[in-house]
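Chain residues, written in single-letter form:
There are 2 protein chains.
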Amino acid sequence: MQVRLSLLLALFPSALALWPQPTSINTGKTALKLAHGFDIKLSVPNAPSDLKDAVSRAKGFLKTDALAALVIDRGASAAGALKSAKSLPSLTVEFAAKNGKVKSISEEAIAPIGTRDEGYTLSVPADGSPAVLKANSTLGLFRGLQTFGQIWFDFSGTTYTLEAPIQISDKPAYPYRGFMLDTARNFYPVADIKRTLDAMSWVKINTLHWHVVDSQSFPLQIPGFEKLSKNGAYNPSAVYTPKDVKDIVSYAAARGIDVIPEIDTPGHTSVISKSFPEHIACAEAKPWASFANEPPAGQLRLASAATTKFTASLLKAAAGLFPGQFFSTGGDEINANCYTQDKQTQSDLSASGKTFAQALDSFTQASHAALRSAGKSAVVWEVLTPLHTEMVLDNPVTLANDTVVMVWISSEHVQAVAQSGHRLVHAASDYFYLDCGHGGWVGAFPTGNSWCDPFKTWQHAYVFDPVANLTAAQASLVLGGQSLLWSEQSSPANLDATVWPRAASTAELFWSGPGGDVQKALSRLHEVVYRFRQRGVAANSLQPEWCVLRPGDCDLTA
Amino acid sequence: MQVRLSLLLALFPSALALWPQPTSINTGKTALKLAHGFDIKLSVPNAPSDLKDAVSRAKGFLKTDALAALVIDRGASAAGALKSAKSLPSLTVEFAAKNGKVKSISEEAIAPIGTRDEGYTLSVPADGSPAVLKANSTLGLFRGLQTFGQIWFDFSGTTYTLEAPIQISDKPAYPYRGFMLDTARNFYPVADIKRTLDAMSWVKINTLHWHVVDSQSFPLQIPGFEKLSKNGAYNPSAVYTPKDVKDIVSYAAARGIDVIPEIDTPGHTSVISKSFPEHIACAEAKPWASFANEPPAGQLRLASAATTKFTASLLKAAAGLFPGQFFSTGGDEINANCYTQDKQTQSDLSASGKTFAQALDSFTQASHAALRSAGKSAVVWEVLTPLHTEMVLDNPVTLANDTVVMVWISSEHVQAVAQSGHRLVHAASDYFYLDCGHGGWVGAFPTGNSWCDPFKTWQHAYVFDPVANLTAAQASLVLGGQSLLWSEQSSPANLDATVWPRAASTAELFWSGPGGDVQKALSRLHEVVYRFRQRGVAANSLQPEWCVLRPGDCDLTA
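If you read the protein sequences in the order shown, they are chains A and B. To convert, note that position 219 of the first sequence is 219 in UniProt numbering; the numbers rise steadily by one, no gaps. To convert, note that position 200 of the second sequence is 200 in UniProt numbering; the numbers rise steadily by one, no gaps.
No wet-lab data here; the hints were simulated from the structure. Treat the hints loosely; a few may be bogus.
Which copy is meant is left open, because identical chains are indistinguishable; a pair holds if it fits in one copy or across any two.
Each computed EDC-like pair below joins lysine to aspartate or glutamate, with the alpha-carbon atoms no more than 16 Å apart [stated by the list, open to error]:
id: 1; residue 1: K134; residue 2: E94
id: 2; residue 1: K227; residue 2: D53
id: 3; residue 1: K343; residue 2: E278
id: 4; residue 1: K134; residue 2: D117
id: 5; residue 1: K171; residue 2: D247
id: 6; residue 1: K63; residue 2: D154
id: 7; residue 1: K29; residue 2: D127
id: 8; residue 1: K63; residue 2: D555
If we strip away everything but chain A, and leave its shape as in the complex, we get (with noise of 0.2 Å):
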């Protein structure tokens, strides 16, 4: 009974396993196998470089996937099924606002958000005439070409579905859909983050949030502050040049990918006390506990005019390597204490008559309005007051109506953060934070936990609720949310296992929405983690391989 079972479980091997899950979807039973000559045809007027590359890559993955079923058999008892099976000689590409200007995927991964259009449609017939992907807008046709690269899997050299015909019509839920990474605490080569954005790209996550520098380095090489990054960063070879960046920013654009860079400001500021220690109060003082969450302490000196205008001009030449919307000041984790200590920001506050509530309000106004010459809006973190209020909450810091709130101390801090009526960006620590869990790391302390404890599993994640006590208003502020990456204790070691799956059943639920279902994604996850490490991505094993071989055996039911 049990081998019978599995029979038909090899034959009909589940809903087709896309990731994310498209917003509509209809599937056939029918064998349908890639021509030997299959091609992707391009109907796109004067279709621009990066979408002829992106076809190239497409057509790659379709001969190097190479994924057999993920069933027992692998796909054995289809063989039969795919003799006598139509080919499938093409994918017309199809452009398909009539007199709409084709722009390229670049331009449309960093308009601004909400302007964007993701969506696409997707037909693939079963009796051997092209599949037709379409869409208004050239992010929209990327964004198919991954769900296409998705359809297919091996058997002996045969590039097949069981599903066809297939239709799709997606786009998604949420405008952001978000990962985050930190590589200040450690440093990231360059490679590391294509391969990320390559990876992020495959499961239609379109914001790279880049926390590039941080009290312990700062990698980033910004024109007329490149003392920062010589004295900052951890080697020379530890560096992101303005080349390295464009690089970057380029490839990550061509993959639908926008990035938003973050200089957090006034705390996580240590490191600039290296090239300018007039702007840095409390620059490394010990015990680093007393000035900081995390060593080395160093704030900018927020109530300067001087640094405010240092901060200012920082953030602005900084602001002129990234070409997308937003930038974020971050705001997090300001210590009371450092300033109570530090003279100058007393004698500052002093002449100014300022409290240092109004302080901080000035410092970040003015960083604000630097980033709003250069053309940007801002984005930050819902922040920690040295009273241990929420910025955003019931501090006089006045932030503009397009700035970008994320929340990330907790998503019980979600509504009140919506109260607020800024636009906000899930990120919470209690689901998102990919580095919890992996025990404390300061020295000296045997018994120390993570302080985000428990680790993020990706069902946590993916049962989270968008929206959860929000009235209809306050839940249009929810731009979507993203998964993060804090590197005390990561590395390029541990980069693509820690991230991957995990990041993706995030991208899942900002994508398709909530309401996914655990049991029914699970299988269409190991999905995610084969193809993955197909193309060079070393996601982790979410259970045995017994398990991912038979859908839903290893459920805690089964």
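Starting from the known structure of chain A, arrange chain B on it as the hints suggest.
Frame of chain A, contents of chain B only:
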């Protein structure tokens, strides 16, 4: 002031960063560099080829490690001292036992535990005269070569130490220092195992406990039982052929590592049902949770004479593949309901008039007798009987005196196991399980957490006391300990970063003995991470690099 302190740290980059810490070490403060033509000279009569190979690898690492000192200036402040430093022309590797027979490392590595001599002395003079490594065994020489390789840093192509002269006298506190890898839940290619063996040897781990098969897959090809791997491997290439096993075992032995294979019985054997269904009770019975701790269910019909004979033959055949002294028959997680529901087992019990416990005893005796006839001593897990008591504690299974018991369920069971009089290995889930803390993996269980939460940090294992609550006599039964990687959620993708450097922490605990100080150990452990990376093992970061380069500055109290 802080700058000056940093300079001082740069000049004296902490104690010599050896891992594991030697029994006795004296160091000076003189700079010494390797001569351009530096050589390692063997003064060993009829030097075995594995020793020659080890010397060759050691020489290679001296060139390719190229590890800059883990201090802020990466050793730049030593440049002056290096200019006038003496050059070390050579290391003489000397077999010191008078009239002693020179055996190969490989022979010595698999000699009965307790009879191996892993000690050595190492002298590195500061005056430019040759260094000398002495031991009474090639195994000791091999251990010493690893130590010698950890002495050196690189600065601009100069390989140097600042702490000559160096006198080391070293031997292990415990004869068993292991690492367990589960290659059944997910498969690891031979190359991953070899890379792991290399890494193990660098920190003087001397045992690979190879949990090679389990209920999920049977990758071990056993002569006479080829059907098991043919039907039970995940795919035809996910098989360890006898040639692969020989390759792995030889590779290990040449690196001073004994391999203890495990065929877990009578539980954890579901996969055998694909080839010998007559021997397996409750094969893939559902719901699995009623029949096993994890899917799929299936246990050897331990009350059947035929199955007992089959098992004995299987074990004996498998034992023939492995040259070492020990072979594990497992014995954990026997599910009572599986046997209660199995008509054949019930009728076998009736026919024999045996209680279940008596049948388990007979089965175990027969298995162990088969191993004994193959020249092996048995290893078992502390075992749950169907009544959830410990086999070795209060059930009637009689274990021969030479049986080694691995404590896994809890470190709290150590005392009771010791009271049974058996030699034991520390392998407790609450200290040494490297896979814990990554959430639940069974399907349809969004809130599932790891059963052995939390994640086991290196610090937690490091401060374990191997003889807590033991009398001196009981303490003498402690062979050592090991860290373990179960593979429900592990795979080649996360192998290196999950295992390293945490397994090194346990390696030092059992080589250097307990009482180590996590505060002092951290900077040495960072060096393990960075040196491993230079050698191609992707060990994970324990801290931001800022902390790595400033020993102590990220301590909780700093």
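Now the hints, each set against the structure:
| no. | hint | in the structure |
| --- | --- | --- |
| 1 | K134 x E94 | within (5 Å within a copy, 75 Å between copies) |
| 2 | K227 x D53 | neither (37 Å within a copy, 48 Å between copies) |
| 3 | K343 x E278 | within (12 Å within a copy, 82 Å between copies) |
| 4 | K134 x D117 | within (12 Å within a copy, 72 Å between copies) |
| 5 | K171 x D247 | neither (28 Å within a copy, 52 Å between copies) |
| 6 | K63 x D154 | within (9 Å within a copy, 44 Å between copies) |
| 7 | K29 x D127 | within (12 Å within a copy, 80 Å between copies) |
| 8 | K63 x D555 | neither (33 Å within a copy, 51 Å between copies) |
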